[in-house]
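Same order as they appear, the protein sequences are chains A and B.
Going by full-length UniProt numbering, the residue at position 50 of the first sequence is 50; the numbering climbs one at a time, nothing skipped.
Going by full-length UniProt numbering, the residue at position 62 of the second sequence is 62; the numbering climbs one at a time, nothing skipped.
There's no promise every hint is true.
[To be verified] Simulated coverage check for chain B against chain A, where a stretch passes if three residues somewhere in it have a Cβ under 8 Å from a Cβ of chain A:
1) 37–51
2) 54–60
3) 85–93
4) 96–107
Since the hints were derived computationally from the structure, they do not count as laboratory data.
Values in this document were obtained by computation on a predicted structure and should not be read as measured data.
Idealized CB from N, CA, C, for every residue including glycine.
Number of protein chains: 2
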Amino acid sequence: MDFILRLGAVAAALAAAATMGTSDQTLPFFTQFFQFEASYDSFTTFQFFVITMALVGGYLVLSLPFSVVAIIRPHAAGPRLFLIILDTVFLTLATASAASAAAIVYLAHNGNQDSNWLAICNQFGDFCAQTSSAVVASFVAVVVLVLLVVMSALALGKR
Amino acid sequence: MDFILRLGAVAAALAAAATMGTSDQTLPFFTQFFQFEASYDSFTTFQFFVITMALVGGYLVLSLPFSVVAIIRPHAAGPRLFLIILDTVFLTLATASAASAAAIVYLAHNGNQDSNWLAICNQFGDFCAQTSSAVVASFVAVVVLVLLVVMSALALGKR
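Let the hints inform the model, and build the full structure from the sequences given.
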């Protein structure tokens with residue numbers, strides 16, 4: 001179960017990184033006020049998102065052997081402790097990048113009147129759709145990581 | 001140790017909520033393009049921040065008795081499991097609000113050229129300073145919560 005959830009989290013994290021990393025839209029027309037291209041590296045937050053999600057995906061791949069060891073030897077505390085501590089750290093990292101990207105995506109969709117930031121999704125529809133799905137995938141990874149930490153804690157408690 | 005860290009996290013979370021909740025600045029002059037008032041409820045993300053940080057602070061206060069029970073009875077797994085699972089959930093909540101508020105504060109400081117969002121901190125200096133310190137306080141709470149989860153895991157593993 002731990003192993004399968006971990007595989008799911010790997011898929012979600014890498015999908016999020018890849019979707020965000022390939023987001024790029026050039027507009028076919030000219031307007032007076034807007035630039036003509038939007039890509040993930042226009043936004044520092046989205047760059048952070050791609051790097052963090054790739055890191056989380058890489059960590060989860062490397063954690064698979066430890067998960068196997070924890071399943072084979074359910075009474076050894078070492079591998080479980082190792083997994084729960086690193087899972088918590090990477091959960092925090094994944095949550096931080098997912099939430100900050102979500103804040104930017106929300107702004108892109110709705111804008112903000114008081115600071116005079118206009119919504120850009122009318123212009124950059126495809127870009128917005130792609131970054132939104134990356135954010136959704138990253139939240140799937142976050143939920144799976146929370147489940148992994150809770151399951152590891154329960155397994156440690158039962159011992 | 002668990003108890004003292006928890007008290008620190010309570011202070012950090014409530015300070016973050018209070019600092020953000022009282023952020024409000026009205027400009028003494030008129031300009032053509034900008035509104036004249038900025039407060040935390042101009043931004044959905046900051047509203048979310050105040051609510052979540054208050055929730056996290058409230059949970060941490062309620063968790064203090066369980067922390068005492070876990071210290072008095074170090075061999076009982078129940079209270080420790082209860083604490084580690086809820087700590088993980090509230091850690092995720094706190095990280096999400098801290099990171100999304102940080103993304104908005106970063107935009108307020110630096111703006112974003114490609115989407116034509118201008119930095120507003122030149123106009124709203126006090127507002128920016130206050131929201132920035134709220135974000136710093138919330139990250140202190142996040143770090144303390146990570147430490148609490150790791151310490152609970154180690155205590156569970158030692159049993």
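*Within the assertion that chain A covers the stretch 54–60 of chain B, do at least three residues meet a Cβ-to-Cβ distance smaller than 8 Å?*
violated (count 0)
*If you look at each residue in the stretch 37–51 of chain B, do at least three have a Cβ nearer than 8 Å to any Cβ of chain A?*
Coverage by chain A holds for the stretch 37–51 of chain B (6 residues, Cβ < 8 Å).
*8 Å C-beta test of the stretch 96–107 of chain B against chain A, three or more residues*: holds (count 11)
*asked:* Taking 8 Å as the Cβ threshold, is the statement that the stretch 85–93 of chain B is covered by chain A upheld or broken by the three-residue rule?
replied: holds (count 5)
In the structure shown, a violation is registered for the earlier hint numbered 2 alone.
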